[in-house]
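**Student:** As a plain string of letters, each chain reads:
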Amino acid sequence: MEEKLIKDYSCPGRKGYSLPPLEVTKIDLKQELGAYYRSELNLPEVSEVDVIRHYTALSGMNYGIDSGIYPLGSCTMKYNPKRNETVASLPGLSEIHPYQSETDLQGSLALLYNLKEDLIEISGMDEITLQPASGAHGEFTSLMIIKDYFADQNDKKRKKVGSLTNVVKSK
Amino acid sequence: MDYISNTDSEKQQMLKKIGVKAVEDLFKMIPAEIVLEKDLAIKEGISELELIRQAQKLAAQNVDLTKLTSFLGAGAYNHYVPGVITALTDRAEFYTAYTPYQAELSQGTLEAIYEYQSMISELTGLGISNASMLDGASAAAEAVLMAARVSRRSQIILPSTINPAYREVIKTYGRGKELDFIELKAENHLINPESIIENLNQKTAAIVLQYPNFFGSIEDFKQISNLVKKNKKTLLVVIANPLLLGILKAPADFGADIVVGEAQSLGNGINYGGPYLGFMACRDDRKLLRQLPGRIVGKTTDSNDKAGFVLTLQTREQHIRREKATSNICTNEALNALMATIYLATMGKAGLQEVASQCYQKAHYLADKIEELTDYQVLNKDNFIHEFVLKVKKDPLTLKNRLRNKNILIGYHLQKVTSADEFLVCVTEKITKAELDNFIEELEVF
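Line order of the protein sequences matches chains A and B. Using our numbering, read the first sequence as starting at 1 and increasing by one per residue. Using our numbering, read the second sequence as starting at 1 and increasing by one per residue.
Derived from the structure by calculation, the hints contain no laboratory data. In this text, all values refer to a predicted model and were calculated from it rather than measured experimentally. Keep in mind that the hints are not guaranteed to be accurate.
List time: in silico DSSO-like cross-link candidates among lysine-lysine, alpha-carbon distance up to 30 Å [to be verified]:
| # | chain 1 | residue 1 | chain 2 | residue 2 |
| --- | --- | --- | --- | --- |
| 1 | B | K38 | A | K116 |
| 2 | B | K400 | B | K57 |
| 3 | B | K57 | B | K67 |
| 4 | B | K229 | B | K203 |
| 5 | B | K393 | B | K416 |
| 6 | B | K299 | A | K15 |
| 7 | B | K249 | B | K430 |
| 8 | B | K430 | A | K7 |
| 9 | B | K430 | A | K15 |
| 10 | B | K229 | A | K147 |
| 11 | A | K26 | B | K67 |
| 12 | B | K324 | B | K177 |
| 13 | A | K30 | B | K222 |
Residues from chain B that keep clear of chain A, each with C-beta distances beyond 12 Å, as calculated [claimed, not checked]:
| # | residue |
| --- | --- |
| 14 | T7 |
| 15 | A22 |
| 16 | L68 |
| 17 | S160 |
| 18 | L184 |
| 19 | K230 |
| 20 | K233 |
| 21 | R290 |
| 22 | K400 |
The C-beta atom is built at its ideal place from N, Cα and C for all residues, glycine as well.
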């Protein structure tokens, strides 16, 4: 271990945050929350520069695509163009709430629609969902769709999932 | 532009070296019948400048939260993200790193996740935390499956005071696992412990509660927990808002066995719903630990007695036969977990308490002022933290649209959850007193 833990930089009373003044009359939380009030909280008490130096030190203990060649396949280690980061952090595309109205999100919806159309062209499929949060999540979603497809046709006997290398019983 | 740096002559040199005539020959192993013989109908690549202009144009077609006063919460929270977070997570050593299978190349990420786990343990009060999950809803679903495995039971009590989107995800994950879900109806936005007594039996694997619940209220955990503990083997699963754990008692203190939740509120942007990160913690109990999905980072020493970090207990995911794994659909969200870790380090003890307290104080200021108006009511005014249920007498859609025209988002419309005349209003530290007063004024004149 080349860099100590953030908690080891802690010193009672040291602060790394700033918030605007409250502006409204303060209510006594201890009284308000009663049995649910929390008094103990053991989190680091460090300054901003402690945070910056500690995590900068940790970054130096990593190796990534930008450090050099990384011939590992399962997560497809390819170069990620920097322009992607620029675009994804535009406030107009990042500071938006999922429950805002469609009228207010036409830009993002257009972007997702175009991505969907491209993925349909690449995969040769007819429809697509961008909902799954990871590859395995997507595989799970496909299996659920297949299961429901057969259930719709009243075909409930199919329980096996085949692949080129092995066949496992689905649970 | 493409990102392949080899020139034609370099390619020729490489081909010559390995004894291949043309690049195409490298792809000969692909059977002819599956080779794509047409060009894909996808637009040509464009330059960076053109791309940025197109993206800016799309971004301008959104009305983002910097232009609005938003009272939307319901699972995705608009908190301030300190600049220190982006400054650090923009370091390519973090965001271009591989998943930390090769410990020697990943000590930075592994140490950060180790710190993350310790902080989640502290917030929840539970001894064990995993390295993070896909998001809050899937973490809740995994907690339910875990409770069923640990208890070897099949019934899950799922109250209607849980986020409806989470309930859907939990039920979806439960399909094919032969789980029975008992849905408890809320009374005054709370679960009546009596209704739990009626449904607790020898088949009950878990009762799931949200803290604070979907409507912002605190359930009667003391009584519910006593009931659960009387029914041996039944586990108490709590879905908690980690930011509010700055002022709220740790769920372990009232008997939670597994605590999960969405950690987006900790230094992760709102980002239209993702990527987010779920957290998952459980009691320090071997029976639970063995069934905890996802990976865990542990501290160890190498052959030279040097301290370091590794992924431990990996038998839970793809390293063993899939039907023996605790879950096959979880990874950790390392970069998002890093953001949460830096947030908790930066805010620290006093900062997390203060940000949670500000949310509480401002939400209560707003609710008190609304209660003074004639056509509005705060239904859970005596029991809420930073989200409350607003009932309106006048036409709710007209009100919602009218406020939107004044650049105010009234909150999450509860039409499909409870009633068409109710909104879930959320207040975070980002909303100023002037914005609160303006909202009250607009409600009054409507």
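**Student:** Does the structure break any of the earlier hints, and which numbers would those be?
**Tutor:** Result: hints 10, 16, 22 break, sorted rising.
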